[in-house]
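Colleague: All chains, full assembly: derive it from the sequences and hints.
The listed protein sequences derive, respectively, from chains A and B. Taking this note's numbering, the leading residue of the first sequence gets 1, the next gets one more, and so forth. Taking this note's numbering, the leading residue of the second sequence gets 1, the next gets one more, and so forth.
I should point out that these hints are in silico values taken from the structure, not numbers from a laboratory. Misleading hints may appear alongside valid ones.
Unchecked claim - Chain A is nowhere near these chain B residues, computed Cβ spacing over 10 Å in every case:
no., residue
1, N25
2, A57
3, T58
4, N59
5, N64
6, S118
7, T128
8, T130
9, R148
10, L150
11, D153
Claimed, not checked - Within a straight-line C-alpha distance of at most 27 Å, the following computed DSS-like cross-link-like pairs (lysine-lysine) qualify:
no., chain 1, residue 1, chain 2, residue 2
12, B, K102, B, K63
13, B, K135, B, K65
14, A, K145, B, K63
15, A, K27, B, K145
16, B, K42, B, K67
17, B, K80, B, K67
18, B, K65, A, K145
19, B, K42, B, K24
20, B, K80, B, K33
Given the structure is predicted, the values throughout are model-derived calculations rather than measurements. Built from N, CA and C at the ideal position, the CB exists for glycine as well.
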Amino acid sequence: MSFESAMARLGGSSVSVSSVEACSMAKGETLADTVRVVSGYADAIVIRHPKEGAARLAAEFATVPVINAGDGAGQHPSQTLLDLYTIRQSMKIDGIDVALVGDLRYGRTAHSLASALSLYGVRLHTVSPPGLELPPGLVNYLTGKGMEIIVHETLEEVVNDLDVLYVTRVQRERFPDPASYFNVASSYRITPELLAGAKKNLIVLHPLPRVDEIDPRLDATPHAKYFQQSKNGVPVRMAMLLDVMQ
Amino acid sequence: MKHIAATTDTGEDVGEGLLIRRIKNGTVIDHIKAGEALNVVKILGIAGTTQEALSIATNVPSKNKGKKDIVKISNRELSKEEVDRIALISPNATINIVRNFKVCEKEGVEVPTMIVGSVRCPNPGCITRTNEPIKSRFAVLPGGKGLRCLYCDSVITKDITSYII
Chain A
1 MSFESAMARL GGSSVSVSSV EACSMAKGET LADTVRVVSG YADAIVIRHP
51 KEGAARLAAE FATVPVINAG DGAGQHPSQT LLDLYTIRQS MKIDGIDVAL
101 VGDLRYGRTA HSLASALSLY GVRLHTVSPP GLELPPGLVN YLTGKGMEII
151 VHETLEEVVN DLDVLYVTRV QRERFPDPAS YFNVASSYRI TPELLAGAKK
201 NLIVLHPLPR VDEIDPRLDA TPHAKYFQQS KNGVPVRMAM LLDVMQ
Chain B
1 MKHIAATTDT GEDVGEGLLI RRIKNGTVID HIKAGEALNV VKILGIAGTT
51 QEALSIATNV PSKNKGKKDI VKISNRELSK EEVDRIALIS PNATINIVRN
101 FKVCEKEGVE VPTMIVGSVR CPNPGCITRT NEPIKSRFAV LPGGKGLRCL
151 YCDSVITKDI TSYII
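Modeller: Set out below in structure tokens:
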């Protein structure tokens, strides 16, 4: 929706296909053919797709610019740009302590953000349920770039050292039963009490939508930046669209 | 391929007799890591339906390595792109181009920078694992220590042969 808003604010229009059922892919058309056809209808393509690498494939076959708006459990680079922008509104990014919390294995926003933060000398802390840690290949990439990554078992052991707390949703379908999910989800819940000893300037971010990860009581505190973060998606995506179409 | 000095034989131990016949024209891949000949054939894409006479010897004696494998393909001279792919599983292999029973060119293999179409991505969620009209593409990690999918960034560092298509 933020891309549509961004396009409208640029004075353009957009045609959205929100599901496979609504396009020729439901008839068995390949993504390669779909983007070739859509290239004739639009000046740019913004694609969100359940398969990793879909945007890269689309870029190979499209004749107009392609923006990756999320590919499966892969990457979400436009989210990362607005994440960086939101952090930069509060502090310099260089050398800060950032924690990624939640499903870091399948969370594409975390993957892209971690990669971008490796350019800033950021110390990265991770807190995730067993089995949902950052993919080993990504960890190797990040450490190869010189990034320091510290793995924590609990939020409590690191929260007071953080400048940015980046929370992602833990999805129910990753767990064998509802009880396991609720046990894990509750242990990663961000509350005002958890942040009682945190740095005054700590900011809490979340790509949204949230479910139970962040206590609504946090919304009114200066730490909560996730709605500002969401709002920032519009100007950042306006800039991206303008840049690729100019 | 890196060029090494040409010789007049294919590196086989002729003193104990040939396990497989000499070929008049074609390619001999020698000094293959013992036990990897079938994977070499597989990664070259010349198994099964090939029109050429194909000879494979495994675990034959080698002066330097103890054991080695050999593959001979008659009437076909493999290109650099084809043979360099086997460097991933057998970096010490040598390629002999044979013409009229003589080795005319003898070269080692070099790890390529990219592998196209011969390795399956291990990630079931990768777009290359669908019916899209694309070939898998992997960048070879420095030192040939693994492969990285250029579509989903998945990395293969172990048991590469099990992903050969």
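Colleague: It remains to establish, for every hint, whether it holds in the given structure.
Modeller: Now for the hints, and whether the structure bears them out:
no. : hint             : result
1   : N25              : holds, 39 Å
2   : A57              : holds, 37 Å
3   : T58              : holds, 33 Å
4   : N59              : holds, 34 Å
5   : N64              : holds, 34 Å
6   : S118             : holds, 18 Å
7   : T128             : violated, 7 Å
8   : T130             : violated, 6 Å
9   : R148             : violated, 7 Å
10  : L150             : violated, 7 Å
11  : D153             : violated, 6 Å
12  : K102(B) - K63(B) : holds, 21 Å
13  : K135(B) - K65(B) : violated, 35 Å
14  : K145(A) - K63(B) : violated, 43 Å
15  : K27(A) - K145(B) : violated, 41 Å
16  : K42(B) - K67(B)  : holds, 20 Å
17  : K80(B) - K67(B)  : holds, 25 Å
18  : K65(B) - K145(A) : violated, 37 Å
19  : K42(B) - K24(B)  : holds, 23 Å
20  : K80(B) - K33(B)  : holds, 19 Å
Violated hints, listed in ascending order, are 7, 8, 9, 10, 11, 13, 14, 15 and 18; each of the other numbered hints is respected by the structure.
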